[in-house]
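Asks: Here are the chains, one letter per residue:
Number of protein chains: 2
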Amino acid sequence: MNVAMTVSPLARPFPALAPIAGVRIGTATAGYKAWQRADVTLVELAPGTAVAGVLTRSKCPSPEVELCRARLAGGRARGLVVNAGNSNAFTGLSGREAAATQTAAAAALIGCAPDEVFTASTGVIGVPLPKDKAVAGVTAAHAALGNADFHAATIAIGTTDTFAKAATTSAMIGDVRVTLTGIIKGSGMIAPDMATMLGFIFTDAVVAPAFLQEALARANSRTFSCITVDGDTSTSDTVLAFATGAARNAELSGWGSPGADAFAAALADLCQQLALLVVRDGEGATKLIAITVTGAESDTAAHRIGMSIANSPLVKTAIAGGDANWGRVVMAVGKAGEAAERDLLSIRFGTTEVAARGAVVPGYDEAPVAAHLGGDEVEIAVDIGLGSGRARVWTCDLTHGYISINADYRS
Amino acid sequence: MNVAMTVSPLARPFPALAPIAGVRIGTATAGYKAWQRADVTLVELAPGTAVAGVLTRSKCPSPEVELCRARLAGGRARGLVVNAGNSNAFTGLSGREAAATQTAAAAALIGCAPDEVFTASTGVIGVPLPKDKAVAGVTAAHAALGNADFHAATIAIGTTDTFAKAATTSAMIGDVRVTLTGIIKGSGMIAPDMATMLGFIFTDAVVAPAFLQEALARANSRTFSCITVDGDTSTSDTVLAFATGAARNAELSGWGSPGADAFAAALADLCQQLALLVVRDGEGATKLIAITVTGAESDTAAHRIGMSIANSPLVKTAIAGGDANWGRVVMAVGKAGEAAERDLLSIRFGTTEVAARGAVVPGYDEAPVAAHLGGDEVEIAVDIGLGSGRARVWTCDLTHGYISINADYRS
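Chains as they are written, first to last, in this note's numbering: chain H, 154 to 564; chain D, 154 to 564.
Simulated from the structure, these hints should not be mistaken for lab results.
All the pointers check out, no bait thrown in.
Copies of the same chain are indistinguishable here, so a pair counts whether it falls within one copy or spans any two.
Pairs of lysine to any residue, SDA-like flavour, derived with a Cα cap of 20 angstroms:
(1) 284 - 513
(2) 284 - 512
(3) 186 - 513
(4) 284 - 515
(5) 284 - 219
(6) 284 - 514
(7) 286 - 250
(8) 186 - 277
(9) 186 - 289
(10) 284 - 257
(11) 284 - 295
(12) 284 - 250
(13) 284 - 263
(14) 286 - 187
Just need the whole structure built from these sequences, with the hints factored in.
Replies: Below is the structure:
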């Protein structure tokens with residue numbers, strides 16, 4: 154977390170988080186940058202912990218993403234290593250060696266197979282992770298296991314985040330209450346493509362890896378995959394879910410297991426909370442924008458149209474300026490490449506219908522719309538009028554703050 | 154043209170333009186906004202003028218675009234009407250009626266069939282073109298035919314443009330020299346999808362409509378379709394080419410006609426000049442960025458990768474800040490959805506190789522790159538290392554100026 158940055162005006166307070174049985178956290182300073190803050194995090198997980206994950210679809214993923222993708226096949230995890238300040242992406246063979254060496258060191262310390270240790274790194278692209286610092290850092294974090302709670306871990310995995318982001322919920326499986334807690338980082342290079350920034354979810358539920366994967370993928374498709382800050386998909390997007398099994402509920406092995414629906418609903422709720430926190434920390438954001446698309450030819454078409462609106466710099470700057478410029482919404486619908494008939498299209502800002510059936514609503518009064526845009530949460534609803542496809546996506550406005558942050562980031 | 158705006162630092166002087174025989178121009182003030190400037194332009198074309206056009210692929214096009222698309226089938230034009238200050242897009246039946254009525258009025262004044270009059274409108278989306286003003290305006294412009302040259306016309310068709318943009322060239326067809334002159338407007342909502350902003354090309358060559366269309370489409374695919382300012386494709390993108398035939402060369406009817414290659418090359422050169430002028434007037438632009446992609450699986454893949462880089466706000470802000478942040482280029486290659494192997498990728502800024510085969514070049518010296526980025530024309534070259542597909546695209550940087558212009562445009 155860059156303490157020099159102004160906290161996002163859309164920030165939310167950090168929630169009260171109880172520990173999850175089977176999860177121990179240690180943080181340490183590897184010194185990836187010239188700073189004193191903790192920048193390496195080791196999470197030790199109880200034997201038998203199930204793991205699932207969704208990862209970036211970037212064609213140039215980081216070695217960490219490749220490593221997680223390969224190891225997810227095993228379904229079990231004993232450790233998680235997170236490095237902040239260096240993404241290790243696009244660093245060739247030396248980057249791959251660094252990730253393998255650091256996770257092997259963690260495995261030796263934990264006493265597990267290397268394939269049971271997962272990893273993610275975040276920070277500047279193109280600088281190989283320094284192997285010696287990485288190993289020394291994770292060794293120090295192991296020695297410190299128990300020194301950090303979820304709040305400390307959230308701060309240790311952050312980079313340009315302006316506030317610490319986490320959420321928690323619970324579900325009843327039979328008569329056992331299980332807890333789900335997630336921590337997340339990210340504020341720029343956010344346009345997850347079926348995956349996202351770095352997010353880590355921990356639960357004490359007993360869940361079979363295959364079902365955990367299925368529930369996570371389903372939750373992801375309606376949450377992390379529906380947010381965008383700047384349309385730029387990261388090389389390192391990673392969400393991992395770990396289920397330690399400490400709650401000793403009857404194992405969830407599929408949708409037919411008693412409590413499976415409740416668990417999946419809680420997981421989806423948690424993912425949505427985490428995803429919206431990332432948008433709330435969007436670089437330069439002053440408004441959270443929710444976009445609902447209905448009446449598209451399919452849910453996929455609705456999602457594409459929603460993301461076309463959410464990624465349009467002209468729509469995002471209009472909202473920043475408090476301008477109900479619905480013509481730009483029309484433009485973004487038109488460029489999405491999905492079926493749309495101008496003469497069937499309707500647009501709503503907040504609760505006010507602005508345009509219907511291809512033209513401005515007769516007697517349209519901009520005052521209530523201007524009032525809605527004056528708040529810090531904006532709702533845009535578009536009905537395509539063709540079918541029953543629907544989607545809901547979230548973004549933030551595009552402001553001078555985004556330019557200030559990104560025109561001088563690496564220097 | 155908004156005289157209150159600062160002229161783009163990348164502006165070019167208006168070229169000396171001779172008249173094109175068979176083309177007469179009149180401008181007038183319809184008063185689409187509360188201003189005194191000319192905002193309606195009528196171009197009268199000699200009988201027999203051939204016409205070709207490329208139009209937006211937006212699914213929500215303006216009535217003017219629909220009208221041009223239908224009338225291009227006839228291949229002949231006698232008039233062109235351009236309105237500035239109101240795009241007439243997304244205005245339902247009344248917008249369609251206004252466009253039909255205004256062009257019918259022009260046809261009656263010129264003495265031609267309504268289908269021989271083409272039209273384009275530019276400005277705010279969603280406000281119906283006021284029919285009475287449109288007819289009165291085009292009537293006044295007809296009465297004034299000859300009062301305007303290409304420079305006056307370029308100013309009359311402009312909106313948020315900060316400088317007047319035009320280009321000219323010539324070609325030899327046999328022993329006849331033909332002239333090609335184009336005028337163009339546009340600086341925001343620029344990401345033409347096989348078409349572009351508003352551009353009008355005039356030549357005195359004798360060209361069959363079908364061949365004019367073929368040559369224009371070919372030129373377009375390497376010029377207008379390869380530029381982007383903000384990734385936002387307009388509802389009204391239109392490029393029309395008119396060949397009056399006044400030069401009396403032997404008709405160009407296909408690629409086999411003597412002089413056809415020279416004419417097509419001149420047309421492509423003209424289109425490239427015009428397209429780059431639009432990028433030079435990109436909203437808030439301080440740097441012109443040329444991106445060359447080689448080694449992709451196909452030319453189409455190279456184009457997609459190039460546009461992914463050109464539309465990335467993180468790449469564009471890095472260039473604005475003079476930061477050689479090639480990691481963001483990697484990110485944009487990765488998110489393009491085309492085949493790319495991190496370990497084969499090479500990246501050049503200016504003439505300096507920065508990264509090769511998946512990692513930073515050993516001993517990389519940032520000084521010459523920083524010097525290159527200090528100029529106002531930046532070259533980025535990416536080699537994918539997989540095939541022989543290539544593309545060249547152009548964009549501009551993303552600056553505070555873009556936010557200032559667009560967060561308060563309509564109000």
